[in-house]
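Undergrad: Top to bottom, those sequences are chains A and B. Each residue of the first sequence is one higher than the one before, starting from 1 at the first, in full-length UniProt numbering. Each residue of the second sequence is one higher than the one before, starting from 1 at the first, in full-length UniProt numbering.
FYI, nobody ran anything at the bench for these hints, they're computed from the structure. Accuracy of the hints is not assured; some may be wrong.
You can't tell identical chains apart in this list, so a pair holds if it fits in one copy or across any two.
[Stated by the list, open to error] The calculated lysine-lysine pairs, modelled on PhoX-like cross-linking and capped at a C-alpha distance of 20 angstroms, are:
| no. | residue 1 | residue 2 |
| --- | --- | --- |
| 1 | 215 | 227 |
| 2 | 103 | 215 |
| 3 | 227 | 97 |
| 4 | 72 | 97 |
| 5 | 103 | 72 |
| 6 | 97 | 215 |
Since we're looking at a predicted model, the values are computed, not measured.
2 protein chains.
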Amino acid sequence: MTSRHDRELALRRDLVEAGHMVELPLRGLSAFTQTFEEVLTGVERLVHEMQPTEDVTVISFPPLLTQPVFEKTGYLDSFPQLIGSVDVFTGDGREHKAMVGAKNSGEDWTTHLVPARLDLLSAPCHQTYPLHAGTRLERSVTYETGNRCFRHEPSDDPMRLVSFRMREKVCIGTPEQAQAHREIGRRVGPDLLTSIGLQIEEVPANDPFFGRAAKIFAAGQRDAGLKVEFECKVYGEDQPGTALGSSNYHNDHFGLDFDITTADGELAHSSCIGFGLERVTVALFATHGMEVPSWPAPVRTRLGLDAQG
Amino acid sequence: MTSRHDRELALRRDLVEAGHMVELPLRGLSAFTQTFEEVLTGVERLVHEMQPTEDVTVISFPPLLTQPVFEKTGYLDSFPQLIGSVDVFTGDGREHKAMVGAKNSGEDWTTHLVPARLDLLSAPCHQTYPLHAGTRLERSVTYETGNRCFRHEPSDDPMRLVSFRMREKVCIGTPEQAQAHREIGRRVGPDLLTSIGLQIEEVPANDPFFGRAAKIFAAGQRDAGLKVEFECKVYGEDQPGTALGSSNYHNDHFGLDFDITTADGELAHSSCIGFGLERVTVALFATHGMEVPSWPAPVRTRLGLDAQG
Numbered sequence: 001m002t003s004r005h006d007r008e009l010a011l012r013r014d015l016v017e018a019g020h021m022v023e024l025p026l027r028g029l030s031a032f033t034q035t036f037e038e039v040l041t042g043v044e045r046l047v048h049e050m051q052p053t054e055d056v057t058v059i060s061f062p063p064l065l066t067q068p069v070f071e072k073t074g075y076l077d078s079f080p081q082l083i084g085s086v087d088v089f090t091g092d093g094r095e096h097k098a099m100v101g102a103k104n105s106g107e108d109w110t111t112h113l114v115p116a117r118l119d120l121l122s123a124p125c126h127q128t129y130p131l132h133a134g135t136r137l138e139r140s141v142t143y144e145t146g147n148r149c150f151r152h153e154p155s156d157d158p159m160r161l162v163s164f165r166m167r168e169k170v171c172i173g174t175p176e177q178a179q180a181h182r183e184i185g186r187r188v189g190p191d192l193l194t195s196i197g198l199q200i201e202e203v204p205a206n207d208p209f210f211g212r213a214a215k216i217f218a219a220g221q222r223d224a225g226l227k228v229e230f231e232c233k234v235y236g237e238d239q240p241g242t243a244l245g246s247s248n249y250h251n252d253h254f255g256l257d258f259d260i261t262t263a264d265g266e267l268a269h270s271s272c273i274g275f276g277l278e279r280v281t282v283a284l285f286a287t288h289g290m291e292v293p294s295w296p297a298p299v300r301t302r303l304g305l306d307a308q309g
Numbered sequence: 001m002t003s004r005h006d007r008e009l010a011l012r013r014d015l016v017e018a019g020h021m022v023e024l025p026l027r028g029l030s031a032f033t034q035t036f037e038e039v040l041t042g043v044e045r046l047v048h049e050m051q052p053t054e055d056v057t058v059i060s061f062p063p064l065l066t067q068p069v070f071e072k073t074g075y076l077d078s079f080p081q082l083i084g085s086v087d088v089f090t091g092d093g094r095e096h097k098a099m100v101g102a103k104n105s106g107e108d109w110t111t112h113l114v115p116a117r118l119d120l121l122s123a124p125c126h127q128t129y130p131l132h133a134g135t136r137l138e139r140s141v142t143y144e145t146g147n148r149c150f151r152h153e154p155s156d157d158p159m160r161l162v163s164f165r166m167r168e169k170v171c172i173g174t175p176e177q178a179q180a181h182r183e184i185g186r187r188v189g190p191d192l193l194t195s196i197g198l199q200i201e202e203v204p205a206n207d208p209f210f211g212r213a214a215k216i217f218a219a220g221q222r223d224a225g226l227k228v229e230f231e232c233k234v235y236g237e238d239q240p241g242t243a244l245g246s247s248n249y250h251n252d253h254f255g256l257d258f259d260i261t262t263a264d265g266e267l268a269h270s271s272c273i274g275f276g277l278e279r280v281t282v283a284l285f286a287t288h289g290m291e292v293p294s295w296p297a298p299v300r301t302r303l304g305l306d307a308q309g
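With these hints in hand, go ahead and build the complete structure from the sequences.
TA: As C-alpha cells, then:
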C-alpha cells in the first residue's frame, strides 16, 4: 500500500513529467502550460453554461477585498490560518534606503512596510455581498463570478494550491430563493462533473474552521446540511475524496454581516455553487491520463478540445 | 477647458453609467461586467495570436512571487512605492483570540500576522526568468504569459488600476535574439492596436523609478531606447497619452539577476512586449463609445464580438 502522501507526490510527478505543470519554489505554487490551460478553459466554459444561465449577472472583480469588507465576511474569525493581508511601502527616500539596506543584509525588510488594508480574496462570492450592503433587495440577484483565490495552506498535493482559480454562481434573496439556487447546484454540479467522465460523490461537508471551537462549528454546519461537496476519489477508493466543487447555503450569514434585506424586510439569505478550476482539471488528468488526445472522445468534445487537437 | 482629472472622472462615470464598470470602495479597485469582459477577452486573444506565434511556450503562473525571487527582480530597489507583500497568520488559538479581539475593538489586527515571504506580482514576465535561474540556455526561449498584476498606485483614472490584467510575450536569449523580439514587438504591437481602431503613437518611455535617483535612471532608460510605449490619447490631443502596452529591452538585467547565460557563456539578454488588458479595453470604450453594437463592424469582428450579438 502506498501512502496518501506518496500518491499525491506521484500525481504531482506525473503532471510535471507530462509537461502540464511546472513546480515553483514554494509548496502550493505551481505554473501550468498550454494543454492544462486549454482543459481548464473548457471547464470554466461549462461552469458558465451551467444552469441557471438566465438572469445571471456575469461580473469580474479584482482578487482583493478592502479590509472593512474582509472583516465583515467573518473569514478572520473562522479561517485565520488561510488569510493573506497586503502590506505596502509608503515611506520616503531615507526609509527606502533603510529598506534596501535591510534586504541587502539579508534582514527582514518587510518591517519597513505598512498595512494597505487590503486582503487577498479566498472565495469569489465574497465580492458580491458588499454590492448590496445596507440595501433592500426587491427581487433576488444571481451573479456568476470567477477569481484568483488565496488560501495559505501549503501542501505537496497538486489538488491543494495556495493560489488557485474558482468560478461560482451566487444567489442572494429570500430563504426560498437561496435554497432553490442551492438545490439547482446540487443537481447540476454533479451532472457537470460526470458529463466529463469524473466519478463524483455528493458528500455533506464543513469548512475548515480554526481552533478549539472548530469541531462544534463544523458539526453544526454538517448537521444543518449547509454545505455539500462534489468529491472525486483521485487517490483511490480507499482514500478520502477531494472536493472539486461545492454547493453552499449560507443561511442569513452574509445578509446579517452586510445588512441586506429582502422585500419583506427580513434578512437576505444566500447560497453559492462553485468549482475549483485547477482541481477539476487535475482530476481530469488523474482520471483520463496525461495524454489529452487519448481521452474519451465525448469528454474532449464537451471540453471543446477537439479544435486544438 | 476641463482639467485632466475632470476628464478621468467623466470617463469613469461614463463606464459606470453604461454598466460596464462597478466602483468598489477603494480607488483603483473596480469590477467589470459581461460586455467589458467579452471585449477584454477579445483583446487577450489578439495578443495570443500576435506574432511571434511559433515556438512560443504558453504558461500560466500564480500572481505571487516568492520573496527570494522578488528580491532578485530589483523591483524593491527601483519601485518600492508599487509593491505588495503578503502577511499570514501562523498563531495558535490564544493568538487568534487576541487578533479577533483587536479586530472587534477596531484596532490594527494585522500586527498579529507574520510575513509569508510572498510578494504580489507586478509584471507577468517576472515569473519566467526564475525558470532558467543558474542555467545556460542552448537556444533562446519565448514565453507567452498573462497574469493579474498589483501596483499600489491608487487613482481615480479608470486607466490606472491597483489590480489589473496584463499579457506579455517574453524572449530570453542572446542580445541579438532579445533585440529582434523587441523589434517585432515595436511593429506588431501598434499594428494590433490600430487594427481595433485605436490611434496609437509609439513613444520612448521610462519606468516610474522611485526617489532621488529616479530622474537619472529614467533618462538613462529613455536615452538608451530600452522602453517604448504604445500610447493612446484617451483624454484629448492636448493631454499626455496613456500607455496601452510597451515593448521593453531589458539588456542583461534579468540575465545578471538570475544568473542566466547563453550558449557562448555570455549573460542572457531579454525583452518583452506586453499589453494592459483593462487599459486597451477602456481605450476602446473611450474611442468607439459605450455601446458595443454601434462600434465599427471591422472592430467588432476583429474582437470576436459579433457572435455575442
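Undergrad: How would you label the pair residue 103, residue 215 (within, between, both, or neither) given a Cα cut-off of 20 angstroms?
TA: neither (42 angstroms within a copy, 23 angstroms between copies)
Undergrad: Between copies, within a copy, both or neither: which fits residue 103 and residue 72 at Cα up to 20 angstroms?
TA: between (35 angstroms within a copy, 10 angstroms between copies)
Undergrad: Treating 20 angstroms as the Cα threshold, decide for residue 97 and residue 215: within, between, both or neither.
TA: between (48 angstroms within a copy, 17 angstroms between copies)
Undergrad: Check residue 72 against residue 97 for me: Cα-Cα at most 20 angstroms, and say if that holds within a copy, between copies, both or neither.
TA: between (37 angstroms within a copy, 17 angstroms between copies)
Undergrad: Since the copies are identical, ignore which copy is meant and state whether residue 227 and residue 97 lie within 20 angstroms (CA to CA) inside a copy, between copies, both or neither.
TA: Close neither inside one copy (50 angstroms) nor across copies (26 angstroms); limit 20 angstroms.
Undergrad: Please sort residue 215 with residue 227 into within, between, both or neither, judging by C-alpha distance up to 20 angstroms.
TA: within (15 angstroms within a copy, 56 angstroms between copies)
Against the hints set out earlier in the document, violations occur for numbers 2 and 3.
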